[in-house]
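If you're matching them up, the sequences are chains A and B in order.
So for the first sequence, our numbering puts the first residue at 22; every next one is plus one.
So for the second sequence, our numbering puts the first residue at 11; every next one is plus one.
Don't read these hints as lab results, they were simulated from the structure.
Honestly, I wouldn't trust all of these hints.
Said to hold, decoys possible - Simulated crosslink set (EDC-like; lysine to aspartate or glutamate; CA at most 20 angstroms straight-line):
1) B:K272 to A:D38
2) B:K176 to A:D110
3) A:K133 to A:D116
4) A:K256 to A:D266
5) B:K176 to A:D116
6) A:K238 to A:E90
7) A:K105 to B:E16
8) B:K186 to B:D175
9) B:K178 to A:D116
10) B:K181 to A:D110
11) A:K203 to A:D187
12) A:K231 to A:E246
13) A:K141 to A:D196
14) A:K98 to A:D110
15) B:K181 to A:E175
16) A:K123 to B:D175
17) B:K269 to A:D110
Just so it is clear, the structure is predicted and the values come from calculations on it, not from any experiment.
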Amino acid sequence: MNKVAVNNIVMNYHSIDNLTTAIEDITFNVQDGEFLSVVGPSGCGKSTLLNIIAGLLKPSNGEVYIDQELSTSFSPKIGYMFQKDQLFDWLSVLDNVLLGLKIQHKINDETKGKVTEMLKSYGLSDFISHYPNELSGGMRQKVALIRTLALNPEVLLLDEPFSALDYQTRLNISDEIFNIIKKEKKTVIMVTHDISEAISMSNRVIVLTKRPSHISKIFDITFSEQYNSPLKSRKAKEFKDYFNDIWKELNN
Amino acid sequence: MINEFEEHNKYLKNVRARKRKIVFVRILILIVFFALWELLGDLKIIDPFLTSTPSRMVKSLVKVYNEGTLFRHIFITCYETIIGFVLGTLLGTLIAVLLWWSDFLNKVLEPYLVVLNALPKVALAPIIIFWVGNGITAIIVIALLISVVVTIISVLNGFNEVDEDKIKLLKTFGAKKIQILTNLILPASIPTLVSALKINVGLSWVGVIMGEFLVAKEGLGFLIIFGGQISQLDMVMFSIIILSILAYLMYEGVAFLEKIIKYSYKN
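Only chain B is shown next, with the shape it has when bound in the complex:
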């Protein structure tokens, strides 16, 4: 008995030690990377005009912060991204429901969906700018377009994967099609919906940054393109780093949501 207890403790210790090691090395890589970057830049081994350095980035960041626009830029980009992927997911799901409802419509539209899926949606951006105007709306529409087709396809797949016998079961209860949808298809597809949401976060970032490159006067994408135009690579670099952090946080947020939903779904 005592041996078993000790063995288990030893096992737990090992697991924890390994976990600590992984986190430690992760942080170490980050520190070494930034330290080397700074060092090589300061020693002029690499050209800080082209590569910037962490200290120059901080200086540039503080400058933008003092102008009072930093959080405005971050807020705008986050706002566009969130609206983009939420709308993309909702609209995609809605269209998937319609296609599930009418198999005929689904079959008719199949080749069009394939074309739309293969088409790089950013190519539509100039048209969209003309249609909805040169501003936030255009950016959101681009972000939405990027995620909506993938959502339709993956959600519809999820709908069609629901067990035929479960549908038959509801039919033996005399269920109408709308009841099959609300009692079976939608609740059974919640995991698919959440994973679509997860994919859409990434796609929405692509759409928003592309959109900001083209039309924006505000936002991180604007800072990046503006920094490039005025040869301020410090500004470009810190914007990219903020972008990475935000994208990571948003992804983790959705992953957390997925965990909660999966948990309540299973229990």
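Isolated chain A (complex conformation):
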């Protein structure tokens, strides 16, 4: 079943001097539980697309459906993760994670317990009362993910979630976060410029052209062997071929 449907999205940016078409007719569907990546040259409007799906930006034309329902503003079914963790320095890890619940006046013993449980099961039990500047970049991104998961969204939108991390942390944390997302059974749309990351994590990869962007090609990613983590699936023999194909598609 379609979890998210993106229909004929067009996005124009207006300024005094000119009109720029950032996105020119993009249509795709995302299945329930699917991990979809969007790659494209920088400045092609990947993040714009994500903002439109999130309901933070109104497209010039086209609609976004979530569970067959037309979405016009930010939906509680959606969780958004940023390039930088955007943790609040003045709040403890626990208070950071509870931020969304606090805004929605949903803090009670049950939700608090659930969130604490999540922090514990994902290896942050020692840091619950610490402050963000005492954590490493990878841990911070994990806290940011749990902050998003605390509101129990069904669809996660990830906007280059690992690009601010150093390479080693990036590989490790993307592995960890992938496993958390799979365990929580979320549907994911991830924007990235890292082809390897896209192939290793996703069921499908959408390649966008440069602006005005449209879909250049959609790749179904299937490996002949099953791997239980993105890091290991980089060893798959098809990996190199996907990489080359996507690379070629991007440079067309």
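Position chain B against the provided structure of chain A, taking the given hints into account.
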């Protein structure tokens, strides 16, 4: 291992010795300055009528003290200054919040703020005296006016420097504007607020002394202007020295407050 230990000890010793040296020279300068002042004045190399001397200043100070008004003067000036910079900071922050809230209002008022910022606020003093009366209130209003515009501008800048993505994050939680203000903008701007407070202490002193020159019957500014009028430069000089000490102490007080806030803010 032993070498490392000794090396570190030596390093610490050096740091401490240097610190002591700095404090020593600072005090030395002060002593030499006052001693030379006294000496040159006593030897009539400089004219003590124009320059006063430390001993004449002390005499004049004791005289005012015996009249029983010295602490009254100090208290009044401190009171006006503190009320001036606290009110200036609060009012400035409040207006900054309003301008942050309405971008339209912000854009509309921008040129007026620029003009008000460039205008020497003391020029408004005669008008203020007419409006609020010839007294402490007028002095406080002048002090407040001097700091309020700078506060609005710097605090608003601080508000606008908050990461756009953090605002977006709160919007993805469905936050209302008031929630963005209380959960993000204000706590993120606490360091800006404290540094505004620090600047305002200095500005408030300027406002209060200017105000006292114009209207006061009490206060250190009054002592300075009164001393000048009756050709008592001893009184002018000691008032200025008390003023320097008070301004220094108040600045250090706010700096200490800043340290505490920064500490609790980071931890």
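Hint check results:
1. Restraint check: the Cα-Cα separation between K272 of chain B and D38 of chain A comes to about 45 angstroms, which exceeds 20 angstroms; the hinted pair is violated.
2. A threshold of 20 angstroms between alpha carbons decides the hint, and for K176 of chain B with D110 of chain A the separation of about 12 angstroms falls inside it, so the pair holds.
3. Simply put, K133 of chain A and D116 of chain A have alpha-carbon atoms about 10 angstroms apart, close enough for the 20 angstroms limit, and the pair holds.
4. Under the criterion of a C-alpha separation no larger than 20 angstroms, the hint pairing K256 of chain A with D266 of chain A is consistent with the structure, at around 17 angstroms.
5. Between K176 of chain B and D116 of chain A the alpha-carbon distance is near 15 angstroms, which keeps this suggested pair within the 20 angstroms criterion.
6. Pair hint K238 of chain A plus E90 of chain A does not hold up; C-alpha atoms about 26 angstroms apart against a cutoff of 20 angstroms.
7. Taking the CA atoms of K105 of chain A and E16 of chain B, the gap is about 44 angstroms. The hint is violated against a cut of 20 angstroms.
8. For the hint linking K186 of chain B to D175 of chain B, the alpha-carbon distance of about 15 angstroms falls within 20 angstroms, and the restraint holds.
9. Straight-line distance between C-alpha atoms of K178 of chain B and D116 of chain A comes to about 18 angstroms, which keeps the hinted pair within the 20 angstroms bound.
10. Among the hinted pairs, K181 of chain B with D110 of chain A is consistent with the structure: their alpha-carbon atoms are about 19 angstroms apart, no more than 20 angstroms.
11. At most 20 angstroms may separate the alpha-carbon atoms for a hinted pair to count; K203 of chain A and D187 of chain A exceed this at roughly 23 angstroms.
12. With a CA separation close to 33 angstroms, the supplied pair K231 of chain A and E246 of chain A exceeds the 20 angstroms bound.
13. The suggested pairing of K141 of chain A with D196 of chain A holds, with an alpha-carbon distance near 18 angstroms, which does not exceed 20 angstroms.
14. Among the hinted pairs, K98 of chain A with D110 of chain A is inconsistent with the structure: their alpha-carbon atoms are about 27 angstroms apart, more than 20 angstroms.
15. For the given pair, K181 of chain B sits about 17 angstroms from E175 of chain A by alpha-carbon distance, which is consistent with the 20 angstroms threshold.
16. Taken as a hint, the K123 of chain A and D175 of chain B pair is honoured in the structure, with Cα atoms around 18 angstroms apart against an allowance of 20 angstroms.
17. Pair hint K269 of chain B plus D110 of chain A holds up; C-alpha atoms about 17 angstroms apart against a cutoff of 20 angstroms.
Hint check: violations occur at hints 1, 6, 7, 11, 12 and 14; the rest are consistent with the structure.
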